[in-house]
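Colleague: Next come the chains, spelled out residue by residue.
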Amino acid sequence: MPRKYEFIEHTADLGFKVYGASPEKLFTHAAEAFFEALVALESVKERIERSIKVEADGLDNLMVRWLSELLYLYDTEMLVFKSFQVKRIEDNHLEANARGEVLDPARHEIKTGIKAVTYHKLYVKERRGGWEAQVILDI
Amino acid sequence: MPIDIEVKKLDDFRWLIPKKGKMRTEGLIYADEKMLAVIRKDASLEQVANVACLPGIVGRSMAMPDIHWGYGFPIGGVAAFDMEDGIVSPGGVGYDINCGVRLLRSDMDAADVKDQIPTLVGALFRNIPCGVGSRRKDLKLSAQEMDHVLVKGAGWAVSRGYGSQEDLEHIEERGCIAGGNPEHVSQRACTRGKDQLGTLGSGNHFVEVGYVEEVYDEAAARALSLHKGQFTVMVHTGSRGLGHQVCDDYIKMLLKASAKYKIDLPDKQLCCAPIASKESKQYLSAMACAANFAFCNRQLITHWVRETFQKVFQMGPRKLGLHLVYDVCHNIAKVETHEVDGKARKLCVHRKGATRAFPPHSPFIPEDYKEAGQPVLIPGDMGRYSYVLVGTETALKETFGSTCHGAGRMLSRRQAKKVAKGRSIIRELEDQGIYVRGAGKGTINEEISEAYKDVTDVVNVVHEAGIGKKVARLKPMGVIKG
Numbered sequence: 001m002p003r004k005y006e007f008i009e010h011t012a013d014l015g016f017k018v019y020g021a022s023p024e025k026l027f028t029h030a031a032e033a034f035f036e037a038l039v040a041l042e043s044v045k046e047r048i049e050r051s052i053k054v055e056a057d058g059l060d061n062l063m064v065r066w067l068s069e070l071l072y073l074y075d076t077e078m079l080v081f082k083s084f085q086v087k088r089i090e091d092n093h094l095e096a097n098a099r100g101e102v103l104d105p106a107r108h109e110i111k112t113g114i115k116a117v118t119y120h121k122l123y124v125k126e127r128r129g130g131w132e133a134q135v136i137l138d139i
Numbered sequence: 001m002p003i004d005i006e007v008k009k010l011d012d013f014r015w016l017i018p019k020k021g022k023m024r025t026e027g028l029i030y031a032d033e034k035m036l037a038v039i040r041k042d043a044s045l046e047q048v049a050n051v052a053c054l055p056g057i058v059g060r061s062m063a064m065p066d067i068h069w070g071y072g073f074p075i076g077g078v079a080a081f082d083m084e085d086g087i088v089s090p091g092g093v094g095y096d097i098n099c100g101v102r103l104l105r106s107d108m109d110a111a112d113v114k115d116q117i118p119t120l121v122g123a124l125f126r127n128i129p130c131g132v133g134s135r136r137k138d139l140k141l142s143a144q145e146m147d148h149v150l151v152k153g154a155g156w157a158v159s160r161g162y163g164s165q166e167d168l169e170h171i172e173e174r175g176c177i178a179g180g181n182p183e184h185v186s187q188r189a190c191t192r193g194k195d196q197l198g199t200l201g202s203g204n205h206f207v208e209v210g211y212v213e214e215v216y217d218e219a220a221a222r223a224l225s226l227h228k229g230q231f232t233v234m235v236h237t238g239s240r241g242l243g244h245q246v247c248d249d250y251i252k253m254l255l256k257a258s259a260k261y262k263i264d265l266p267d268k269q270l271c272c273a274p275i276a277s278k279e280s281k282q283y284l285s286a287m288a289c290a291a292n293f294a295f296c297n298r299q300l301i302t303h304w305v306r307e308t309f310q311k312v313f314q315m316g317p318r319k320l321g322l323h324l325v326y327d328v329c330h331n332i333a334k335v336e337t338h339e340v341d342g343k344a345r346k347l348c349v350h351r352k353g354a355t356r357a358f359p360p361h362s363p364f365i366p367e368d369y370k371e372a373g374q375p376v377l378i379p380g381d382m383g384r385y386s387y388v389l390v391g392t393e394t395a396l397k398e399t400f401g402s403t404c405h406g407a408g409r410m411l412s413r414r415q416a417k418k419v420a421k422g423r424s425i426i427r428e429l430e431d432q433g434i435y436v437r438g439a440g441k442g443t444i445n446e447e448i449s450e451a452y453k454d455v456t457d458v459v460n461v462v463h464e465a466g467i468g469k470k471v472a473r474l475k476p477m478g479v480i481k482g
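Order-wise, the sequence lines are chains R and G. In terms of our numbering, the first sequence opens at residue 1 and continues consecutively. In terms of our numbering, the second sequence opens at residue 1 and continues consecutively.
Hints in this document: simulated from the structure, not taken from any laboratory. Quick caveat: nothing in here was measured; it's all calculated off a predicted structure. Backbone N, C-alpha and C define an ideal beta-carbon position, used for all residues, glycine too. It cannot be assumed that every hint is accurate.
Residues from chain R that face chain G, not an exhaustive set, calculated with beta carbons under 8 Å [said to hold, decoys possible]: (1) 72; (2) 118; (3) 120.
Required output: the full structure, derived from the provided sequences and hints.
Modeller: Take a look at the structure:
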């Protein structure tokens, strides 16, 4: 099983490198890494499904918008997601489904408060027949 | 690996990064030799050099001794830009717009309240929402009221009975940055912020009770009505999700603007636009709104601190005397007039993890601090101490009236958790007489003293360099954390 993502650390921030065989897989794994940083995922159940659409110029900006949308849903509706299906990425559009539930502080252990998904050292690129991206979060 | 940046020693506390490549000016680092060795380990000096490449920068690209790696601009960075040729950058302010600190003094002595600290900390923890997703259930704002908050800042809170006119006199900019137009704040930002007004948030934000442990400058301390042994309260928080969203929205907009105005960016996160452009004007307006939200947030939390004190100590407000000493921003861009080469120039000063430090007799500081200078509040980590400083003439001349803002992290949050593993940090602090309550165990472990530089080292550098003057040191007795 090839690795999906790995966390990289800086003193005041947290980031990850993410890998995938296709852009869809790459964006799926990025969302998984994002929530892995945020909450103890084993405690999250798949009770709610949301369909999400975002758009941006270029895959790197699209990555920031995708993760920012998940952060927005978390911050405003307290939704924590654990499984993702990125259905389509084309012409600067992304369509996906995300499954999870409403945060329950009694059951869910929050690992990190995330303020934003940054553009710092951001990249999305095709590499050795697969895809790779780097994202840094402001925490 | 960080690029090796050439640094020249000017004196024991000043280091110069000479102009090289695309840099339009020099970099200037305030640090001692030992600190500089630590600073060199991350890429923050490269970031100081990157900021020096931005159009219209006036003076040097500066870094305070608590500098550490940020996204784009370093944290602990100060840079000023010309109002005509210069730029504005949301990354030069940061995501937590107007994150800041305020200090309250009481008429009680720490010795008299020592036994009640655990009760007080418990009551503060119940009365002030903190932690991820915290909400204030009894404060619901209509869209119209939210607009008032964004325009009026702490003034809105005071008009609603949360505080007094005297409070407003003791806040940077009197708790309101002018020029905020709510039309420039997105619906998403308002949605993220509306339930978060009056909440502390997570991470390094806190409410801390403590006392004046040491006084360094009797006259200045007297002007600030501080004395040894006095019981105090510090509040550290910012603009919550609203500010984060404003920053995110405008980075998106200014990335496009940077291309439109053909600004060569060493890093995307430095995206910016000419100050005179439509995009910059909108950002400055939205930033003012977010800053006002943060001022209002700290004002509301102050109200609940006072309310909690009254309940726990069974005393009226007059006897408690919880007066606001001062409230400072440490993530902000401000239009200010500074003397450059003998001429007064209007500049846009970006302070990201840096504090304004105006000298005595500045027209921008409260009347009662005229002789002492503007109070500067420097929080340390929860196990050690914090400092009260005042601004100086040297700061005004050298750093556009700016100084440091805190201790600065030394360990990443994960490293800190590793260091804390198997230990009861709460118990260890209790043994030192510091009672801590946190929304999550994780936060407390991430915030252990070992994760931070010793704030004394940071403060000593700014004091010795003359860009801040030590007045007093505060010792924590109780902390609530997000």
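Colleague: Take the hints in turn and mark each one as holding or not.
Modeller: Status of the hints after comparison with the structure:
1. 72: holds, 6 Å
2. 118: holds, 4 Å
3. 120: holds, 3 Å
Hint compliance for this structure: every hint is met.
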